[in-house]
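Participant: Chain residues, written in single-letter form:
There are 2 protein chains.
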Amino acid sequence: MGMTAVAATPQVRPVEREDRDRIHSIVVATGHFSQIEADTAMELVDASLAGGEASGYLTYVLETPPGTVHGYVCVGPTPLTEGTFDLYWVAVDPAAQGRGYGRRLVATAEEEVRRRNGRLVLIETSSQEIYRPTVGFYESAGYRLVARIPNFYRPGDDKLVFVRDLVPI
Amino acid sequence: MGMTAVAATPQVRPVEREDRDRIHSIVVATGHFSQIEADTAMELVDASLAGGEASGYLTYVLETPPGTVHGYVCVGPTPLTEGTFDLYWVAVDPAAQGRGYGRRLVATAEEEVRRRNGRLVLIETSSQEIYRPTVGFYESAGYRLVARIPNFYRPGDDKLVFVRDLVPI
Numbered sequence: 001m002g003m004t005a006v007a008a009t010p011q012v013r014p015v016e017r018e019d020r021d022r023i024h025s026i027v028v029a030t031g032h033f034s035q036i037e038a039d040t041a042m043e044l045v046d047a048s049l050a051g052g053e054a055s056g057y058l059t060y061v062l063e064t065p066p067g068t069v070h071g072y073v074c075v076g077p078t079p080l081t082e083g084t085f086d087l088y089w090v091a092v093d094p095a096a097q098g099r100g101y102g103r104r105l106v107a108t109a110e111e112e113v114r115r116r117n118g119r120l121v122l123i124e125t126s127s128q129e130i131y132r133p134t135v136g137f138y139e140s141a142g143y144r145l146v147a148r149i150p151n152f153y154r155p156g157d158d159k160l161v162f163v164r165d166l167v168p169i
Numbered sequence: 001m002g003m004t005a006v007a008a009t010p011q012v013r014p015v016e017r018e019d020r021d022r023i024h025s026i027v028v029a030t031g032h033f034s035q036i037e038a039d040t041a042m043e044l045v046d047a048s049l050a051g052g053e054a055s056g057y058l059t060y061v062l063e064t065p066p067g068t069v070h071g072y073v074c075v076g077p078t079p080l081t082e083g084t085f086d087l088y089w090v091a092v093d094p095a096a097q098g099r100g101y102g103r104r105l106v107a108t109a110e111e112e113v114r115r116r117n118g119r120l121v122l123i124e125t126s127s128q129e130i131y132r133p134t135v136g137f138y139e140s141a142g143y144r145l146v147a148r149i150p151n152f153y154r155p156g157d158d159k160l161v162f163v164r165d166l167v168p169i
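So the protein sequences, as listed, match chains A and B.
For the first sequence, the working numbering gives the first residue as 1, with consecutive numbering after it.
For the second sequence, the working numbering gives the first residue as 1, with consecutive numbering after it.
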């Protein structure tokens, strides 16, 4: 008899208060977000922590090994819709990218949406060059570009809207 | 010498607390909005009344003669953008439609956006039949359809996004 070494499987679990600063570090580390965008990201996390699901925001973190958070996702029902959800934010520590963590976080968000009878997940992003890998990531995760709003963020920076239709389980 | 009868010119002014119930009646009277949509409309009015411009919502009412409000508009800067504004809500009492009040309210909203260095105004609406006159109204006011998100509100009910580029003054 002996101990068996088991490769740690990443776990995705609801956010806890202790995760807040780590999430903030990850958002900053991605280098994709301005100060005001990072603040907005944290507002959603804080709403989620303070109000739980009633806040309209569901936040999950991915950790492996237990205690080490590498990324998070924030999703919630889109106001005034029936069954549409916004995937507001997904971020993985650059030091931990390329391991499928982002995909795993998006999959968890989609499961939670399905569990709440969601049928459509929306992701909005910018047309700027810096987001091209992000766009590739969404497309490989099954999202398709359905709309573009020219000059939305600033002149020359369009809003892209990606959508995934969820198949009922 | 004598009194000269002057046709009252509609005035558009910032919302005041006394306008709240009248605005609610107008929203209900249009018959276009569900209970939850009407509640959302009033949340924006209340935010506007409580927090002024810092709330992110600017609300104006049209009255003629003084004391009689016929419609209102609510507009505000779109978060995380530079110079884009959302025209969140515009409603005119059905009993006072066809007099150009809606157009006047939209024009006021646009002036206020320009005054704040806004360059783009966005209007979102539903593809449902009941909104066809609304869509015609936006188009005649210079808005063009730039995006459609299929099945956004519910299956078969798309979100339409209209945009107007503001010419600098």
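Just so you know, the hints here were simulated from the structure itself, not pulled from any lab data.
Watch out, some of these pointers could steer you wrong.
[To be verified] With the C-beta cut set under 7 angstroms, the calculated list includes, among others, these residues of chain B facing chain A: (1) Thr-9; (2) Arg-144; (3) Leu-145; (4) Ala-147; (5) Ile-149.
Please read all numbers here as calculations on a predicted model, not as lab measurements.
Positions of the beta carbon are idealized from the N, C-alpha and C atoms, including for glycine.
Participant: With reference to the structure, classify each hint as holding or not holding.
Facilitator: To see whether the hints hold, each was checked on the structure:
Annotation: Thr-9 of chain B was flagged as interfacial toward chain A, and the flag is violated, the nearest CB pair being 35 angstroms apart, outside 7 angstroms. Annotation: interface hint on Arg-144 of chain B violated; nearest CB of chain A at approximately 10 angstroms, more than 7 angstroms. A distance limit of 7 angstroms between C-beta atoms decides the matter here; for Leu-145 of chain B the minimum to chain A is near 11 angstroms, and the interface restraint is violated. This hint holds: Ala-147 of chain B has a C-beta 4 angstroms from the nearest C-beta of chain A, less than the 7 angstroms allowed.
Proximity of Ile-149 of chain B to chain A holds as hinted, the smallest CB-CB distance being about 5 angstroms (cut-off 7 angstroms).
Consistency note: the structure conflicts with the earlier hints numbered 1, 2 and 3.
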